[in-house]
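Peer 1: The primary structure of each chain is shown beneath.
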Amino acid sequence: MITCHNLSKSYTHGRSSKMVLNNVNFAVEKGERVALLGRNGAGKSTLIKLIGGVEMPTSGKVIRHMSVSWPLGFSGGFQGSLTGYDNAKFIARIYNCDYYYVKSFVEDFSEIGAQLKMPVKTYSSGMRARLAFALSLAIEFDCYLIDEIILVGDQNFHRKCSYELFEKRSDRAMIIASHSLDTIKQVCNRGVIIHKGASEVYHDIDTALEKYSNL
Amino acid sequence: MAKASLQKLSNAWAVQVRIIHALMIRELITRFGRQNIGFLWIMVEPLLFAGLVAIIFRLTKGSVEHGMSVVAFVVSGYIPITLFRHCIARSQAAFTANSSLLYHRNIKIVDFLLARFVIEFLGSLMAYLFIASVLILFDEFPVPSDIGLFISGWLVYSFFSFSVAILIAPLSEMSEVVEKFTPVVTYIMIPFSGLFYMASWLSPGAREFLLYSPFVNGMEMMRKGIWGDQITAYYNVWNPLICSVAATALGFALCRRVRRTLAVE
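In the order they appear, the protein sequences are chains A and B. Sequential numbering from 7 applies to the first sequence in my numbering. Sequential numbering from 16 applies to the second sequence in my numbering.
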C-alpha cells in the first residue's frame, strides 16, 4: 500500500512562492490502477514525483509499503553522455539486477539496435522513451508511476507497451497521469482529480472522468 | 531483534556500496571516456601539477632547502592540495548537476559527494604513489621513515577535505554567493594549507596561529612520516579530526535541508 498523508508541496523562487499541492490525501492498494486527472499545471507530475521520492514534500508524508518504480517519463534517470548500454548497466547496478538479463530485455523490447552503443544524447525523443520504458520494465516493481508516457512511440511500440504493462503486469498497482481519457477509461479503476491544489478521490473511474470533463 | 536490525544494517551497507560503485563508474566514464588511458587520467592532473611546480622550484631554489629535498617537499605539498581543491570544485552544484539521478530513490544526494570524493581520493593517492616511487628511484624522495604516520596524516587531511566538500555542496545550492566566493576563498587559504613551509620554520606566534588550521596539522603529520628525524614537526591529530567531524555533521544536516527543496526536472 502507498499512502499520501496530508501531502503539501510549494515551490519558492526568490520571494515568490507557489503552493502546488495542498493537503493531498489518498491511498493506493495493491493491484489498483489510479488515474491522476487535472488540467495542465495542476500538479499531477509533482504528485508523481513526490510519490516516487524524486522530490520531497514541503509537509506531510508518503508511506510506501511496496516497491515503487521511478516516474516513467521522457527524461529522468538518464545520463546523456553515456550510451544506452551504460545506462542499462547503471540501472542494473543500482537495483541489484542481473545485467545480462537487463541488457537482453532492453535490446529486445526497445528495438533500437546498434543505437544502444551511442550516447543517449544522440537519441530522438521516441528512442529515449523506448529506452526509458524498456529499462523500467526490466526491473520489477509492485507499483509503477507513469507520467504521460503511454502515448509515446509508434503504433507498434504503443501496443507492445500496453501488453507488457497492462496485461502481463495486470496484478501490479499503477498511478497514471494522463490526458488521454480513452486510455484511462480502459486501464484505470479509480481516479483522483487534482484541482487548485486539492485532491478528490473517486472510487469509480467513470464518475471521476465525468467530473473531470465538467471542470 | 538485535539480529534483525544487524541484518538491516548490513543490507543497507550493501546497497550503499553498490550505489557508490555504480556512481563512480558512471562518473569515470562521463569524465574520462573509454579512449586512450581512460580513467587513469584521474592521476594525470595531480601528477602534472606537482611535477611541473616541483621542476620550477628545483630550478629556482636549488636541490635542498632546510635539509629537505625541494622536489620532494613540493610534491608532498601539492598532491594533497590538489585533492582538496578538486573536492571543493567537484562538490559545487553537485546536486543540481546530478539531479536526474534522484529519480532512483535509493540514491541519496550524499552518495554523489561520496562517489566523487572516493574518485579524487584514489586518484591523488595513485598519483602520490606513482610520483614518490619514481622519485625514490632517482633518490629525490626519501623512503618514508614512518609510513603509518604518513598514512594517518593523509587520512585526516582527506577527511577534512571531504568534510569541507560536504559543507560547500549544500551551501552552493542554497546561495549563489557561496558559489562565486569559493574559488577566491580556496585561493586565499593556500597560505593556511601548510603547502610552502614547515611549522618549525616559523616564529612561535605565527606557528601557534597556523596550527589552528586542520590542513597544517595534516600536512605536518605527512611530512613527519616521510622525513622522520630529519625534521621537527608540530601537530595535534585531534584538531583535524574534531574539525572534520563537526563540519561533516553540519554538512549532513544542511544536505538534508537542501534535499527537501531540491527541484528535479
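No lab work stands behind these hints: they were computed from the structure. Be a bit skeptical, because a hint or two may be false.
Taking lysine-lysine pairs in the DSS-like style, the calculated list, with each CA pair at most 30 Å apart, reads [said to hold, decoys possible]:
1. Lys-24(A) / Lys-123(B)
2. Lys-127(A) / Lys-123(B)
3. Lys-123(B) / Lys-95(A)
4. Lys-95(A) / Lys-23(B)
5. Lys-166(A) / Lys-67(A)
6. Lys-67(A) / Lys-123(B)
7. Lys-95(A) / Lys-127(A)
8. Lys-36(A) / Lys-123(B)
9. Lys-18(B) / Lys-109(A)
Sample of chain B residues with no beta-carbon within 10 Å of chain A, all distances over it, derived [stated by the list, open to error]:
10. Gln-22
11. His-36
12. Arg-73
13. Tyr-118
14. Leu-140
15. Phe-153
16. Leu-256
Bear in mind the structure is a predicted one, so any value in this text is a computation, not a measurement. A virtual CB, placed ideally from N, CA and C, is assigned to each residue, including glycine.
Peer 1: Determine for every hint whether it applies to the structure shown.
Peer 2: Tested hints:
1. Lys-24(A) / Lys-123(B): With a Cα-Cα distance of about 26 Å, the restraint between Lys-24(A) and Lys-123(B) holds, given a limit of 30 Å.
2. Lys-127(A) / Lys-123(B): Since the Cα atoms of Lys-127(A) and Lys-123(B) sit roughly 24 Å apart, the hinted pair holds (cutoff 30 Å).
3. Lys-123(B) / Lys-95(A): 19 Å, holds
4. Lys-95(A) / Lys-23(B): 26 Å, holds
5. Lys-166(A) / Lys-67(A): At roughly 35 Å apart (the allowed maximum being 30 Å), Lys-67(A) and Lys-166(A) break the hint.
6. Lys-67(A) / Lys-123(B): Between Lys-67(A) and Lys-123(B) the Cα gap is close to 18 Å, so the pair holds against 30 Å.
7. Lys-95(A) / Lys-127(A): Measuring from Cα to Cα gives roughly 17 Å; hence the hint holds.
8. Lys-36(A) / Lys-123(B): 27 Å, holds
9. Lys-18(B) / Lys-109(A): 36 Å, violated
10. Gln-22: Non-interface label on Gln-22(B) holds, nearest chain A Cβ at 16 Å vs cutoff 10 Å.
11. His-36: 7 Å, violated
12. Arg-73: Correct as stated: the minimum Cβ-Cβ distance to chain A is 39 Å, above 10 Å.
13. Tyr-118: With a cut-off of 10 Å, Tyr-118(B) comes too close to chain A, as the shortest Cβ separation is near 4 Å.
14. Leu-140: 24 Å, holds
15. Phe-153: Phe-153(B) clear of chain A: closest Cβ-Cβ about 40 Å, beyond 10 Å.
16. Leu-256: 32 Å, holds
Of the hints listed earlier, those the structure fails to meet are numbers 5, 9, 11 and 13, in rising order.
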